[in-house]
Amino acid sequence: MKKAQLNLSFGWIFAIIVGAVILLLTIYGVTKFINTSGQEQDIAGAKKLGILFNSLETGPESVTSTPFKISSETKIYNTCNNFGGFGKQKISFSTLTFKKWSSPSGEVSFKNRYLFSNRSVQGKKFYFFVKPFEFPFKVADLVYLTSAEDKYCFDDGVPDEVKEEISDLNQENIAPNCSEANEQTIEICFSGTCEIEVNLYKNYVKKGDDTLYFVTPEKGFGEKDYSLMYAAIFSDKKTYECQLKRLLFRTKELALLYKGKIKISREGLNLEDDLTSLITQIEHYNDSSDLKGFTNQVETLKQKNENVKLW
Amino acid sequence: MLNYGKMKNQNKNQKFCNGIFKFPLVKQGQMKIQQMAFMMVAIFIFFALVGMLIITTKFSGLKEQANLLHEENAMRLASKIANSPEFSCGNSFETSEASCVDFDKVMALKEQIKNNPNIYKDFWGDVSKIEIIKIYPSEENITKCTNKNYPNCSKLTLISGQGMSKGNFITLCRKEFKNAQTYDKCELAQIFVNYEVVE
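Taken in sequence, the protein lines are chains F and S. Per the numbering used here, the very first residue in the first sequence carries number 93; after that it's consecutive. Per the numbering used here, the very first residue in the second sequence carries number 35; after that it's consecutive.
No lab work stands behind these hints, which were simulated from the structure alone. Each hint can be trusted.
Cross-link-like lysine to any residue pairs, in silico, SDA-like; alpha carbons within 25 Å at most:
hint, chain 1, residue 1, chain 2, residue 2
1, F, 394, S, 133
2, S, 219, F, 356
3, S, 155, F, 352
4, F, 161, S, 98
5, F, 294, F, 248
6, S, 92, F, 163
7, S, 163, F, 176
8, F, 401, S, 186
9, F, 337, F, 302
10, F, 124, S, 90
11, S, 155, F, 178
12, S, 212, F, 358
13, F, 124, S, 81
14, F, 182, S, 153
15, F, 124, S, 83
16, F, 230, F, 362
17, S, 178, F, 354
18, F, 355, S, 149
19, F, 337, S, 124
20, S, 219, F, 359
Computed beta-carbon distance windows for the label pairs:
hint, chain 1, residue 1, chain 2, residue 2, range
21, S, 210, F, 287, 53 to 61 Å
22, S, 97, F, 315, 44 to 52 Å
23, S, 175, F, 369, 41 to 49 Å
24, S, 97, F, 115, 29 to 37 Å
25, S, 97, F, 391, 51 to 59 Å
26, F, 175, S, 219, 38 to 46 Å
27, F, 391, S, 96, 46 to 54 Å
28, S, 97, F, 119, 26 to 34 Å
29, S, 99, F, 316, 37 to 45 Å
30, S, 212, F, 361, 15 to 23 Å
31, S, 173, F, 195, 53 to 61 Å
32, F, 102, S, 99, 46 to 54 Å
33, F, 109, S, 100, 36 to 44 Å
34, F, 252, S, 97, 48 to 56 Å
Sample of chain S residues lacking proximity to chain F, with all beta carbon distances greater than 12 Å (derived):
hint, residue
35, 165
36, 172
37, 176
38, 178
39, 189
40, 191
Cβ coordinates follow ideal geometry from the N, Cα and C atoms, glycine included.
The task is simple: from the sequences and hints, build the whole structure.
Right under this line is the structure:
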């Protein structure tokens, strides 16, 4: 009785093995190539975003909003660390390719940028608006990043000043009132309860269990600086607290710079002690709940500077 | 005289065929295997070469892209750095204008960088040099600014390095003390931001 046999010559076995090796290597190479291309795009995207940040530096004027479009669905990761003095703002991209998110790659870092957003923001179109932060001198431009897919609205309790600013921004995903809000819209309320609650009397933003404290220093002409309030609204607690520490470190370095300027120009000698007090206060800072303690010192410096114009 | 018998014993596998010396093959199939093996090695080498060519082209494009990004960054930085708090005049001078650099403050910054070089390292990103040069009123000799000769100098180097430079015009202002009075003195200058070129 004959048994069924697979009659393969040595030639065939050799061809199959070598062929399989070549195919595997090719597939491996192509996959690596696609990954590298993806990473390259992610790095270039993050770098371009950084360059865009450089052009967002505000002058003596205004608040500006800038759109940023990406061809494929993207997650922008906002990471912050406060090591080594100024700390670092890190941005990385992850793109959706073949229904799969690439791992966040090509982290681009900046020492002089402060991005306020959630840990990751997803979409194809993003908006940022920029506001200068003065404490009491200009410290930095704060960048607020939101996805066009995330809609926000401010309820009726919002101060007129903020309402006007939001209207002027003309950013399509942030509405100055909630009249056209739908289920997906994130409501920011200044009275009552909702997802993001702002208390302007006690100066905090409440999001679930997290409380983020802010200050609204006087800008003059009865106007207030709401830059930290926006920062607390649009970012998660971890990012907010980290960026705040970085901002205060820069405030300290700028205070030292102004002390240096006093020595050189011999102008503003009466500000020297107050600058030293601000530096000491910053050195003892822990988290945003300490911010309120700075208010008096900042106000004193601001008033004294009115005559001297050190900044 | 040739001893064919001995030769046959010494080179059992060698044969003459139509006058051409050939290695005899045990089986015809072995020849095919060799052909196939050579073919596959050739195909492999071909694909490897094509792959290398693609990667080389791609990486040369990457360098170009990196340089373009560095250049764009330096250009934007040169045009905007004057507005950053470490440089800007703010409200210190009569006119609160954009692209105004506070000379006294930048001099203090130079001291701060000198005393603690690590703290401001990479603070302005991939920048290899930042320099301010007064251009009007022009001076015969360009003198580097130090603690001793300030403000009678025309070139202030904050970060020294090499690379391609991008410049922008600025107003360089400081407080001048004369006849028991302080007044604003503003001059025309250029700020240069250098970036390193990826070779």
